[in-house]
Every structure is written in structure tokens, then in C-alpha cells.
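Enquirer: Sequence:
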Amino acid sequence: MSYEHVPEASLVTLTRQKENVFVEESRKALKRQIEDKENFENVQHNKVQLTGDCKSIKIQATKYNEKVKENIDNLERNEDKPTFQNLSKIHNLLVVDVKDTHKSKKVTLINENNLEEFLLNLCDSWMDTKIFKNDTVSIFGEFKHRTCTANDTNNVIIIVNPDILVSSTCVSEAYGCMRRAILKERISSGNFNTASAILGTLSHEYFQDCLKHNDFSSSYMDLTLKQIMKKNIPKLYFANLKESKVIKELSERKTIYHNFAECYIGQVPKFGLGKIESIRGDEHSLVCISKTLDVEERIWSPAFGLKGVLDASIEVKVLENKTLKKYIMPLEIKTAWKEDHAHNLQTILYCVMMNDHYKVDVGSGLLYYVKSSNDQKAGKLKRIHVSVQELREILKTRNEIVWYISNRQRHILPPMIKDSYVCGKCNIRSTCFLYNKAFEKGTSEESGVVELFDNATAHLEENHVEFFRKWEELIKLEEENMNQIRPQIWNTSRSNSDPTQSLYNMHLDLNSIIEFPGSTGLCQLNCKFFQIDSKGRSLLDTQFCINDFVVVSSEQGHYALSTGFVTEITPDYICLTLDKKPRGGPKHATDFDIESCHSFLGLQDRSKKEEIIKNPLGFDLATTSYRIDRDELTSSIKLVRQNLVSLLMDDSTRRLRQLIIDLDAPRYSRTFSTLTNYNDLKKDLNEDQINAFELALKAEDYALILGMPGTGKTFTIAQIIKALLRRGESVLLASYTHSAVDNVLSKLNGHSKEILRIGDKSKVHKDNWPYIIDNNKFESLDEFTEFIESRRVVATTCLGMNNPIFTKRRFDYCIIDEATQITLPTCIGPLRFADRFLLVGDHNQLQPLVLRTEAIKKGMEKSLFKTFTEIHPNAVANLRYQYRMNEDIMNLSNSIIYDSKMLNGSMITAQTLLYIPKWNEDFLSQFHDPDYYCCHESCWLKDVIDPKRSLIMINTDNLLTKEYALNGKYQNEMEVLIVEHSVKALLAGGVAAKEIGIITPFRSQLKHIAHKFKGYNELEVSTIDRFQGREKQVIVLSFVRSNSDLKVGNLLEDYRRINVAITRAKFKLIIVGSRSTLWASSTLRNIIYYLEKNDMIYQLSNNGSPYWHDVPLSVVSSDIKKLEGCAEATNENNEKENVKTKRYKPIKSTIFVETILKRNTVIGDIVN
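Quick note on numbering: the sequence shown equals residues 1 to 1168 in UniProt numbering.
Certain hints may be false.
[What the hints assert, rightly or not] Here are the simulated distance ranges between beta carbons:
#, residue 1, residue 2, range
1, 604, 176, 33 to 39 Å
2, 532, 786, 49 to 55 Å
3, 1079, 513, 48 to 54 Å
[Said to hold, decoys possible] Dumping the calculated SDA-like pairs for lysine to any residue here, alpha-carbon to alpha-carbon at most 25 Å:
#, residue 1, residue 2
4, 698, 688
5, 777, 176
6, 371, 200
7, 231, 789
8, 396, 339
9, 580, 594
10, 270, 231
11, 230, 768
12, 418, 385
13, 242, 270
14, 747, 763
15, 371, 382
16, 242, 808
17, 248, 176
18, 761, 566
19, 382, 590
20, 580, 639
21, 371, 176
22, 1014, 698
23, 1014, 543
24, 396, 231
25, 581, 524
26, 245, 779
27, 1093, 925
28, 753, 581
Keep in mind that the hints were calculated from the coordinates and are not lab data. Note that beta-carbon positions come from the ideal geometry of N, C-alpha and C, so glycine has one too.
Start from the sequences, fold in the hints, and give me the full structure.
Expert: Here it is in C-alpha cells:
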């Protein structure tokens, strides 16, 4: 088999090759430039004239022949200097064998596409490369007879496992301490809200804004300073900074930045001003920054296995050898005065990444120290060249980092450096010592820093270390599959990708962009993408679902232009909330030349009409062809690890360690003399709720509330919070989901001025948006301080604990709802910021979501709530009286799950039926086609929505259509139609949209259902998991699974999930599903048995299928909105006055089969 090189203009060159052809072509090019009389003119002494974009200039020229000779001589003298040039690349070859010999390491590789085999010889220092069977490698270099040798004298580069993207910061920091760099990749440690860190951030932002707008005038800089101060007021508060200090600091930077612009920004270098230092040791360069391409540019470079965010990407004109040349470079900004070699390395890495991103050779970058040790008025600007030797060593370091962070090496870390000075200054030394003690069995004597080690770890008992070891292993197990999706972004193209996994040929609707000023993170703007030439494919038939984390890239290979979440999906378009506008990647300017002129359109060019005309692609977002890929959001794993480390190592968590690890019994106050102060709060509570209320207020450590569905857990939590506020205490409210947090807040009437809601608007209920911090709202630090410190209730999810407010606040009490749905390490997050806590949940509802079978077997799905209730049952208050469901619906769950222990709390609720305002009218006639009417005797729609049938299952076995699976994601179009007809019939009858919920186990089914109800903003369509804690008057449940193999999958085997599904409805529950298929599930079999026994299954045949009905357009009209108010008022009367009660005998609770209380593993079909 023959081997073919794969040339890429974007690939890095490590040295200039001495080839006669190249030299001869360069001579000819120079001669042509100088002989072209139209491209130059003589200039006076000390003046420089640019003679055309990216062409030679003449300085003090006298004769053409002398100029030709001079430039050719210069070219020959510089042939041997390192630069970037094209090499061949083989990427992602699979390692099939590794053999060590005395002089080399021989690696056998195979191309998985064509099974072609290659041999790689690693010699000299490359022999130390950690490379193993089943690794992948990218090779930059020449192959001869399918063999390549890497040694210290040639320019071959090896990238091991390039699909693992390592941050450039991690690589550069590894030179100081690799162990520290690895730990920072694993754990969300370090406080980025220190005064020095915030000042550095604001200084960066100040400079970048002026650079972005190419305006360093005094007036613009003053305006920018005011805007930055206003926007960053919260940061000043969290960093304990005074406005006056920051203004003084930034004002000093203003002068420096202005001087910088005077020296280095312009279209030609400035004699006497534009000289900069070069680390290569040659004479100082004369430079100017002529264009800004981007600021805060995120680059993923899968060619080199690197990622990073560049402070600025710039176009630079450099006067070298009396020739003006144009380059693109990274500009790295350092606000600290101390110079560090790691900064040089980071700049080199950015050059490599720009090379891959911009597809041109980037041989050097600029490093700018704002504060110079020499007290230079404009700071210090250095040019950092990419040298062969340094780049080789940097990428070797990158390979070593990958070995440590790869899944294979679960707990192996680089050795400790054992330096008292360095370790004493390290802000993660306690984390380092904990891992050393837990996994390396380290001691203080062996650490080399005895005093530091003992001070950090002396309090740790053996059971503490074992606890950490166990949970770190479980987290690592769960983490293993998280990095498998991202590589598909760059390893697939439109021709070989799965169209359901990646969306190609997507175009941005500019009119759809809505920006959120002052927002941060992943939710800074909303926008819509539509697909051109979809070839009849619907976006609903993809694996994209609402709330998926996505990456937006260009189809030209520019990855991660923006990231965010899916907010809506229809057959024709997809709506996203993103962290930034997805600019279409680098675009060539009109004078671009791959050999002589690396000219790209800059930020200013996008507003120049003439540039857009010259180059229609420009930065015009509307003409860029995008691809959208699903990705995994892995930042939560770092936070969970940090929770464990904080539990073990922080002084403030000493008592929490005793409770969680040592399992000490919780303490309670023996007296409660002030109990009478809460009579007004207790008057609406039942006996069980009062016990829970009092137990929570007596707790000195913690209390537990175990409540069945509808027993008023949320209401009880709200009353407890009101009591705590009355006592002058602060409360941290958390839960697994945003919806559960919002539910509790909705019941805190009269306390709106004491609530702070943490979370992105796109995930928070709109009623709670006023409680979210609006950075644009505050005019001064004092105003913000008053606002934030008046908020005694702070509410967020358990994964929202990385908010900077938690560096400033500690709470008297923490309350976690849905605690049974949260893994132990995640639950620790909010608990470590409070003195006492309350956990609320139900073992028979959703458990923690754990994907790995091995992790489940080792106990990761056991919540802290479950552990506490088993060890200390006296700490539990049980809620048994439910107020949500009428008797028919309650009896189903009570019989199957709760062994008849659930009790009715209200006879009015127990006897209430759904009220349909138009029930006595012929409102269903609009669903019947007069030309094809088959409902003369009985209409299945009327039977199904009949208020007297509070609980009914529609059996679809007699219908022709079955489920279909798309890459393991299940959908059922027939059930979608049945749901659509049933719900729209209820709406036509006058039931308010906000009183109807549609739920399903599968997100793929959810998409199709949601599309049918586009425009019904108050009608909720959700997965079962996301609907836990919610309730509606009507719930329509689609089970989806329907097949001849009678398989339901593990998802529907989990009795907890089924229990949640059947306990959300208040007055009517419509179940849609295949009786024969669902019977295969032990849990669902008992439900079907119950429904059959009580004559609650409706057999739907083809003769009465949904196809015999038309969905009238009037259902979507304003007539329904008029009826919603009527329905709402009537339903309130039903609940309060029992106006409408049942007209038939209620079904009594029936105990049969065995009550299901055994755990069911949920892994295979989990799509939530």
C-alpha cells in the first residue's frame, strides 16, 4: 500500500528548509517587487512609506540594483532562522504496539480508515514519552517508507491523544509545578475574586475595550472607565475593593495605555517609539499594531491538543532588515510587573493555536507587561519568537499532562516538589497534601515540608481519608464517559457525520438576536439558527433537545465560536442562548497572500461597508455557514470534587465532617420557649407539618422531612423560612433543579425584598427575575452593598455554589429540597456554607442520576438524605397527608408504592373533579370533519376527557404505528397525535393552558410534543424528571414505548420515576401507552393490573383513531384566552367550596401484588 501525505497550509513549521527552489522563487519575488516602479517612492531621511499592502518598502533608496542585491543578501543570511512552514501531517493514528529498545521506543501505528500501518521511532528525549496501546497520536513530520523518526535534532513533533484539549495556561504553569497544574484541571479550586485578580481583570478589560474600538483618546478612555466601573460593581464588592482605589489604579493604567497607543498603534512603525525587545537576542524590532482581529478569542486546536482564550489577536507590521512585513500575532497582556518565563511559553502556545485557527504560519507573538520593572511609561512590549527547541519541549510537557489527566491514570499525580517556599505560597497546597495522604500514603516526613503538611492534615482520621478515597473513585468513574462527545466535533465532517448528532449548513437569523446587557456566563444572548437545504429533514428528528449544551463552530473548521444551551427546537430552526456572538471565524482581507501577506479582516472592518462589498463573507454573521454540535458540560465535576476537598480540609466544615463522615447524631434544643411567636405560621399546618416545622427550628445540626407526593413539603419549607427570618436568621435555599427552587420562592409572599435568586434568566422562572442581580441596575458600590446585604434568603441550585457571593456570605441555615435526587458530594456544596441544615425529600421519588453501572454498584446513587434517615430515624419528620390529588389518582400511587400509608388531607380535594366550562356545549363538533365523520355513536375524545374519568389509560395496541428509535432515542408519532388531540380538546372545552402539563420519560418525544403546542406559552411540556415537585390540574403522560419485542428499557423500570409521573395530576390523569409493551415492566405491570381491575383502560381502535378528527384552528385563537380566566375562577371555587363533587362512587384503596420498594437500576435508557 502506498502512503499519501496530507498537506495543510495551517500546519506549523518548525524551521526553514534549505531548498534551492524556495530561495530561487523568493529572489524572483523580490526582484519583481523592486522593479515595479508604481509600488514605491523615495522618502526623506527617517521616514517610512508603505508602498502597497504587504509589499516591500524602500528606505533611503538610491539605486534599484543596490536594493535588489541588499535584499537577496538579507534573505540568504536569514535562511537558517526558525520560522513556520508547511509539513505533512498524519493525524489520529491508533497505537497498536509499543516496544522499548536500548536506543529507541518503537511505536506501531495504524490508520483506522484504511488499516495502513506505520512505524514511529522515538529517540533521544522523545523516548520518555508516555505512550501506550490504544492511544492516538498526531505526527508532524516526514514519513519515508511509512516510517518516521523523532529525535532531538530533527523537527518531528508528536502529539499524544490530541482529542484531549489541554489549556495553554495549564501547560505554562506546569513548568513551575506540574502537580499544581494537574490538580487545577481536576478541581474548581482557587479564589478568583481576590483584590489582585479583580484588578487584573478590570485592567485587561479596560485595555481590550480601547484596543477593540481602536480608540485611546482621553475622552473615550474616560467614558470606558466609567462603564467598566458600573458594570463591575459586584466584583468590587466580592473582592473587598473600594471604588476610589480601583479608579486610582485604572487611571494610572489609562496613562500607560495612552502612551502604549502613541508608541505602538498605527499603520506604520514609529521611529524612536516603536522599538520592542526580542527574546531571540537579535536587534530590537520596530513594530506597530495596525489592526485588531479579535479580543478574548477562544481557540480550540485539535491539531495540537490545545485550547485557550487569547487576550487579543492582532495584525502587526514589523520593520525587519529594512523591509516592512505584515504578520498576525497573539497579544498576551500581563498586569503584574514581575516577568516570568511561563509567560513566554504561554505566548508561544498561543502562536501555535493561532497557526491552526488562522491557517497561516504564526512565528512570533507579543507579550505586554503593563507595569515594567524599569518604570517604562508605556509598559514593556516583548516579541516572543517560536523556537524549535522550546516548542518541542512545551509539547512534550503537554503530552505528559495528558497522561496524568487521562482516564487511565485515575489517581496518579506528578511528585510533590517539596519546596517550603513554593509550597508555602501555593493556594491549593491543602488539596495537594490530601491527595498525597489518600492515594500516595504520604507522611509529613516524606513530604519535605513537614510543618506545612502537618498543619493541613493533622486533623484527618483514617475514616476521613477512606471517605475521600471512596468518593474520588466514584466521581472518576462517572467522569470517564464525559469526554467522548467533544472529539466528534473535529473528527467528523458533513460527509461522514451523523446528521442527527451535528447540524450543518446552519445560518444565523440576525433579527433574532436579543442581547442581555450585564449578563455573564453562558447566557448573554438569545438567537435563532435555521437550516438551508435541509433535504426535507426535520430538526425534530435529530438528537438535539431543549437544555442540551451545544458548541457553535464554522464549517470552515473554526471551533467553539460560541457555546450555550438549546432553548427551543422546531422542524425548521433551533433557538440557542449563547455566551457571545458566533462570529464566523477568520476571514481573508482583499490583499491576503499565503506567502507574503497574512491580512485578515479585523473588528473595525465589519463596520466598513466597502470591505463587506469587497468580501461578502467579511464578518457578516448572516452569510457564515455554521455547524452546531452537542457537547458535555464538565465544569460541574470540578465543583463536586471541590466540595469533597472543602469538607475534608476547611476549618469551617469541622462539624459537618463529624455529621457526614463520622455520622454523629444530630443535636436538638431541649426547650423551645419562643414557639408561640409562630402561631400565625402554624395555623395553616396539619399535625405532621407542625412536627416538621418544630423539628427544623429546634435543630442545632440538621433535621429531615420525608414527605409523600402532595403532602405540602414546599409549603412547609416556606413556613420554616418565614420563621427563620422572623428570628433574624439568614437562609440558603438550594435544590437539584431550578424549578424546585422557584416553587419555594413562589410561596414566600411578603418577603420579596429579602430574596436573592442566583441563576441564568433562561433557567429561572420569569416571576423570579426581579430577584436576580442586574449589573446595570446599580450606580455605586454602596447601593449594591445595601442591596446584597439586605437579602437574607439566597436561592440557587446545588451546582450554583461557584458564585462569588459564597466567598462573602455564611448562612445560619441551609434548606435543600429534592435532597433524595442529589448525590452526596453535590449535596455537600451548599451545606458547607451554613451552620445548620434541613433536607427534604422522598425515597420513593427520583434518586440521584448516575450513569455508570459500576458507580451505582459502589453506592454513588445513595443520597445523603437516605443515609441519614437510615442511621438516625429520630431526625425524620414524616408528612403523610396529601392535598394535591383527588381520590382516584391518589389511590393508584397509594396502592402501588406507599402501601396505603398516604392519607387524604382534604375531603374537598379528594372529591373534586376537573371542571370543563363548556362541557355541556357541543364544543367537540369543531374536531369532526363533516365529510368523514365516524363519531356518531361515541367519540373517543369525549370519552377520554370526560371529567368523571379522573384516571384513564388510552391503550394504543390496536393502532398500527409503533415506536421508532433514532440512535437509541425513542419517539412515537401516534402518541404525539393522541396527546395533541386530547389536550387541544381540553383547551377547546375551556380548561386553562396553565393548568395542563404534558410529561414523558424521553426528551426526543418531548420535542415532537412541544412543537405541536408552539405558541401555548402557559402550557408546560416536560420530562418526568424535570417535573418532580410540580403539579397541574391535568397531566397527560406519554410512555412512548410500543414494540413487538415487548421491551421497555431500564428507564421505565424505575418505580421512583413512574411514581413521580403518576402523582403530578390534581384532578385528571390521562396515560397514553401500549398495554402489551408496558406490561413487560414489573412496575408498570402493577399499574396496568390496577387500572384493568378498576375499569380505567380505554381501548382505542383504528376505527376511532386520531386520524378521524381535525384539530380546529379556533383552539389557538383568542377565544381560549377568554375562557382561561373563567376556568381559573371556577376551579378556585371548586377547591374552596366543593361546588362540583363526584357523581359516582369513588374507588377504594386496593392492596395487591407486593408494594414495590426495591431499587431498580436506571442506566441504559437514561436520556435526561
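Enquirer: Looking back at the numbered hints, which does the structure fail to meet, lowest number first?
Expert: Failing hints, ascending: 5, 9, 10, 12, 13, 17, 19, 22, 24, 27, 28.
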